[in-house]
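Using the sequences and the accompanying hints, generate a full structural model.
There are 4 protein chains.
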Amino acid sequence: MLYQSEMELEVRYYETDQMGIVHHSNYIRYFECGRGKMMDDLGLPVSKFEEYGFVMPVSSVSCKYKTPAKLGDKLRIVSRVEKEPMARVEVFTQIFNQNGDLICEGEVVLGFLNKDTRRPTRAPQEFVDAFKKAIVNN
Amino acid sequence: MLYQSEMELEVRYYETDQMGIVHHSNYIRYFECGRGKMMDDLGLPVSKFEEYGFVMPVSSVSCKYKTPAKLGDKLRIVSRVEKEPMARVEVFTQIFNQNGDLICEGEVVLGFLNKDTRRPTRAPQEFVDAFKKAIVNN
Amino acid sequence: MLYQSEMELEVRYYETDQMGIVHHSNYIRYFECGRGKMMDDLGLPVSKFEEYGFVMPVSSVSCKYKTPAKLGDKLRIVSRVEKEPMARVEVFTQIFNQNGDLICEGEVVLGFLNKDTRRPTRAPQEFVDAFKKAIVNN
Amino acid sequence: MLYQSEMELEVRYYETDQMGIVHHSNYIRYFECGRGKMMDDLGLPVSKFEEYGFVMPVSSVSCKYKTPAKLGDKLRIVSRVEKEPMARVEVFTQIFNQNGDLICEGEVVLGFLNKDTRRPTRAPQEFVDAFKKAIVNN
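Chains as they are written, first to last, in the working numbering: chain B, 1 to 138; chain W, 1 to 138; chain H, 1 to 138; chain C, 1 to 138.
Only true hints are included.
Treat identical chains as interchangeable: a pair holds within one or across any two.
Straight-line Cα separation of at most 25 Å, DMTMM-like style, residue types lysine to aspartate or glutamate; simulated pairs: (1) K37 to E126; (2) K133 to D41; (3) K64 to E50; (4) K132 to E50; (5) K37 to E84; (6) K66 to E6; (7) K133 to E50; (8) K132 to D41; (9) K70 to E50; (10) K115 to D41; (11) K66 to D116; (12) K66 to E84; (13) K115 to E51.
If you are wondering where the hints come from, they were derived from the structure by calculation, not from laboratory data.
Laid out in structure tokens, this is it:
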């Protein structure tokens, strides 16, 4: 494993639907929250990406739903990168509730685009360095 | 009254919450859909605003909720501008369900910013003209 | 192929993100809109599911993103069921823009729960019948 | 003032729009997060309301937008109740960024419905007691 990051997050009322559970689309958003925390932990916050000249569009997502999350749940989001980022970075995420039940898990693949040209690019040096530095410190 | 526009819209599943009704924040979004339709009708789609060099941030919203909308409802959104746009434009919106019940109503005030400087500006000429042309045609 | 359904949908402003494109999580919601239209076409609207005593939680989603959708785009959502629903139903969805470009495509698997017991159940008779009737009429 | 509660919250990527700022509808959702934290602080979490037999639909919202929030912002949400809850409760909310700038402020009025009959009811005893106990402890 290359790097792992965790965060906690509480279910918000508007994220529930009329089945009384968190709407399935919101876990895709929680995945993104987890990735944001990972980039913060790596010292390269997403809000700085554009300064470094790139954006990171999502090229695919998958998610398997195991146990529904509910209002009042405090979720733990575990994000993991297993391979060194090249033209893409793959992030595997698991979400657990306060009882340790697996809520869902999935994988998101992201690419890199030059901010101005909007053309695909390799992982920018700052991005690769953030991971390298983290591995050394681990 | 200066101008009025209408659109229809169906409630989406993810817009409901665990009370079994449309979450109150979504009507603020429906208001925006209504304004988008109004600008389409006026021949100046929101997607063209930036080409004309401005953006329109919202400076205030208010909404009174009367009857909850539910999954399966087909809503009618009526947007109305009563005064000529100057530094601001005020849009009054009412939402009705398929039975004619008033779901909610409210007012949104928007300003104009120069797209590049992000400084407040008067209503751009294209915007004012769109309304003027519409009034003549009414 | 068992059944196919289509709908049109316009990108909403709040669905865009600061990359200037539709946020990737929203396509998962568009998929759901497409499924809702399919059930309407089949004569069994989602808003009636609970009357028939079941709910349909999502058990997995996947989506591959091809071309970003933008404000002003009019999207066509094509939903397809290829196998007869048993304990699960699999819906394959493709989204195209007004130029015919493939925006994204993916698959959603849904299960059936008894509304009261929240226990898994086979596809309810009304549900299976809706598909059977549609096939005969095709 | 009867009661005040605070929470912190970070802007999420999907909450931004193509203007590069948090979409105005999301502050209405942040207001709700602030109210949820207030109820937690009062010892009566929203997730327990239904156990106590009531739901709290929103009857009106208003919001004035002062400074746009951006990705990377850490917001402070201050929720205040000034009058004892009767048939309604009024919550005044202010949102500040990490620099102390006022992002927006507004008021939300909520009613009480009996969970089963969906008829209006006075503030349930548990709800009033939660406030009373908090005032004594303040």
